[in-house]
Each structure stands twice: as structure tokens, then as C-alpha cells.
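**Student:** First to last, the sequence lines map onto chains A and B. So for the first sequence, our numbering puts the first residue at 182; every next one is plus one. So for the second sequence, our numbering puts the first residue at 5; every next one is plus one.
Certain hints may be false.
[Said to hold, decoys possible] The calculated DSSO-like cross-link candidates involving lysine-lysine, where the alpha carbons are at most 30 Å apart (straight line), are: (1) A:K502 <-> B:K108; (2) A:K502 <-> A:K480; (3) B:K112 <-> A:K501.
[As the list claims (entries may be wrong)] If you only want the chain A side, here are some residues facing chain B, beta carbon under 7 Å, derived: (4) I214; (5) R472; (6) V474.
Calculated from the structure, these hints are not laboratory results. What you are looking at is a predicted structure, and each value in this text was computed from that prediction instead of being measured. In this text, a Cβ means the ideal position worked out from N, Cα and C, and glycines have one as well.
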Amino acid sequence: MIQRTALHGEHLALKGRMVDFAGWELPVMYSSIIEEHNATRTKAGLFDVSHMGEVIVKGTGAESFLRRLIPTRLSKLAPGTSMYSCLCRDNGGVVDDIFIFMVSETEYYIVVNAATLDGDLDWMRTHATGDTEIIDVSAETSKIDLQGPASGDILKKVVGDERAGSMGRFQFFHTDYKGVRMMVSRTGYTGENGYELFVPNDLAVPLWRDILGAGEAYGIRPVGLGARDTLRLEAAYSLYGHELSDTITPVEAGLGWLVTSADDYIGRGVLAGQKENGAPRALICFELEGRGVPREHCKVIKDGVGIGISTSGGFSPTFKKGIGMALVRAGSLGIGDWFSLVVRDNPVPARVVKRPFYAFNG
Amino acid sequence: MSNIPEDLKYTKDSEWIRMDDEFNATCGITDHAQEMLTDIVFVELPETGMEVAQGEQVGVVESVKAVSNVYSPLSGRIAGVNQALENSPELLNGDPYGEGWIFKIEVKSPGELDSLMNADAYAAHIEPEK
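Pulled out of the complex, with its shape left as it was, chain A reads as follows (with noise of 0.2 Å):
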């Protein structure tokens, strides 16, 4: 059965577009997609998110049990800072990309895709230890993500915390929202500068009510996953079961930054390898030359070769041409080669370009 957020009604009256997206029932957009896009970009844009998955890892064995399954070093967190990482497979292959929040010594609140949390949940509870608690809290919380250039205004007027004006990047806490914890991130994955929110089910609405009304003044519009994909995808941010899956690692898709721990870590064996070998395949980002929108899926040939396939595709708002990324064979090609990417049975022209296509605002 398909599955609504707690702002299924907003979305309505709203006049969102709905979808179903990974079982759940979200809008695509609520009026134009570039306009959305371009919302965020340059004033705010609000995200119902709420189809993810968070997951609290607790006790005494939290720690460790962290330590062994993912590849990122889990020392560079402290209390009230988060990171990016994600959990691999023996083989390096990736299981899901995830957000790690260190709430205390013994305690992470983990942020999952929402196609993959009853995989992740297996894997974890699989994987953990008798001093180690895994809580699946996704039923009842609700996120919220504020992105964009004026969204630390927006929150300061809203969340009557001095915090939100002051926290760093990857930074979090926790206050009180209409007598209710929530936690307030200074994170996202538009490429600007943004807050995520998290809520109990009952507070979304007031919440999300609250943001839109105060966000007005800025010309704050509501985001649907269209514009949501064409930011990240601007951001060259990975996007599971796109650049990130069972199997390709992270160090393919060009997150070998990821892999720095030191422990015995699931997967350890190959991504250590790769990282310091070199991997099989690289991850690319590419525009295309005349008009024409890539989409996942293209073959990328070059000297008549195929050598690799576009993982995300789309046409780029901010630049207004088409853009992707592709996983290719290692050191086949380098930043300004040419190639081409086969769009719709066409082979049209496409150019290796610097990751990211658009540079973190904030």
C-alpha cells in the first residue's frame, strides 16, 4: 500500500503535483520544476523528506558497532556534528549512503533512503552486537528540509534558538519546538546552504506552516523531488541505486574520501585495495555540447568503444544544458576529453567536466 507523510493534506492544498515515489505518495512539483529549482538556489525552498528513514543506534557498543560497519573514520565526529558516509558490503558494494548524526558517546541518529531502510535495518540488526540497540524511528518522525541563501533567516525566525543563527556546517542540536524536541541540522543535499528538521509526526504541519509564513518575505517556495533531483544532481551529489549500489563502491563513484578508517571495517579489504590501487571504474561528471537532455542509462563510447554508462542525467537549471554522471572504465577519460553519450539511439557530443557542476553555496 502506498504510503503518505504527515503533510499528504499541505501537498494537496498546495496543489502539488503526487507521485508515487519508492511506495511513498509525494509531489513531483507544485508548479515548475525550474521554478523550484531556481527557488532554492537563490531564496528558499522547502522539502517534505519525510519518506526517509531515521534510525537510532544506542549503548554501550554503539561505538564499535559503527566503527565496523562503515569505511569513514567515526573519530572525526563529536557530540552535535554529523557526517556523510554510507555501509558496504564485503565486496565494497554499497548497501545504502547515510548521514551520521553523534548525538553522545553513546548514541548516533542515523538518516537512510527511504527505498532501502528495511535493507539497512536487516544489515544492521544482522551486524550488531548485545550492547548495541537499533530503533527504527521513521514511522514516526517527519523531516523537513529548509535550503537556500536566506533559510538561516527563515529558521532564526521560526526556532527562537541563538543557535540557529551560529551553527556550523554539518552541525546539529536540539531544541524546543511548541513544548516538542526537534532537531535541527545545519545540513541538506541541494548544494546550498540548509537546515534539516526533524520532527515528531504531529508538529510537521505547524512547522511546515510556520517556515512557509515566515519564509515569505524571502519568496520561500515549496520543492517537490523534481527540482530536489536537479539539485543534487547540480551538486554531483550521489543518489543511491544511481551512482551508489550494491555494486559499485565508493571509491568508484568517486567517493574515496569516505574510505579513511583505520579498523576492521565490512568491506575493508577492497576499498583499502581500491583506494590505494586504483579502482576498476571511475565516476565522471559530463555536459553536453548542443542541446538535448541526457538521462541515466546512455552509453558512453569513445573511439567507437563502449566503455561505460551515464549513471544520472538531466538538464541543469542553473546552466541551463544538459548534465551527468557516468561510471566509466578507470583512466579512460580525463577532465576536457570528448566523448559520446548515446541519447536515444543518437551519439551526440559530451565533455568530461570538473565535479561538482555547481559549488556548495553557503
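Dock chain B against chain A, hints included.
**Tutor:** Quick look at chain B alone, frame taken from chain A:
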């Protein structure tokens, strides 16, 4: 609710055709089609002068989200294309039956019109998609 003008004929692929006189017509994609596609960012137009058969692909419309072929509602010769769409593809979103027209066609067999849908039939045809 999509706008479906009464005076046009429609294809199952959501093209519309307006007879300008007995043998000349203007074609485009419907309001419903542009709504489904979302923001249109590129239009590949047919070439003026080309002969096309009814149902033959004559162009491509690409939106941020999706891509869609454009088929000719009738057989004939492409008599003109809307060059404005090359620089302003968003005209298709804003005014699909007016400034967002795609091509004009000299109709070879006006009898083919009978095979197209009227507004009511088209409205019923797209109903399940809503």
C-alpha cells in the same frame, strides 16, 4: 483540469490539430501533455518540406523530467515550424494551443481527420492518467 478546446481534433498521443482551411492545419501538443511533461526545455522541430505519414514521428519534446516524441496527426507535407520554440521552449507550457504551436502541415488526405478524437473523446482518453 486540462484545457481541451472544443474546436480541435486530438490524437491518442496528445497532439492536437486545428484545420486553418480545407488543406492546411496547425499542430502541437495538448495542455494535458505539457502538464504531464512538466517544464519543457528543448524542442526538436521537424524540417519544413518533409513529407510525413499519419502517426509518423516528426519531433521531440524534452522536459526536465521526461522526453516525448511528437507524431503527425495527419499525412502531408510540413509547411512550417515554430522557430520561436528553439529559444523559448517554455511557450509550450504557457500557451500550448497558441504561441506554443509546433508545426504547420499541408494535409494530403483530409479524410484522415475522421480517425482523430474530438474534445470529449480525448477528455475520456486521458481520464485514467489523472
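**Student:** Take the hints in turn and mark each one as holding or not.
**Tutor:** Each hint, compared with the structure:
Between the alpha carbons of A:K502 and B:K108 the distance comes to roughly 28 Å, so the proposed pair stays at or under 30 Å and holds. Restraint check: the Cα-Cα separation between A:K502 and A:K480 comes to about 19 Å, which is no more than 30 Å; the hinted pair holds. Between B:K112 and A:K501 the CA atoms are separated by roughly 39 Å; this puts the pair beyond 30 Å, and the hint is violated. Restraint check, A:I214 versus chain B: the minimum CB separation of about 5 Å is within 7 Å; hint holds.
For the restraint placing A:R472 at the interface with chain B, the shortest Cβ-Cβ distance is roughly 5 Å, inside the 7 Å limit, so the hint holds. The beta carbon of A:V474 is positioned within 7 Å of a beta carbon in chain B (closest approach about 5 Å), and the interface hint is therefore held.
In summary, the one numbered hint that this structure violates is 3.
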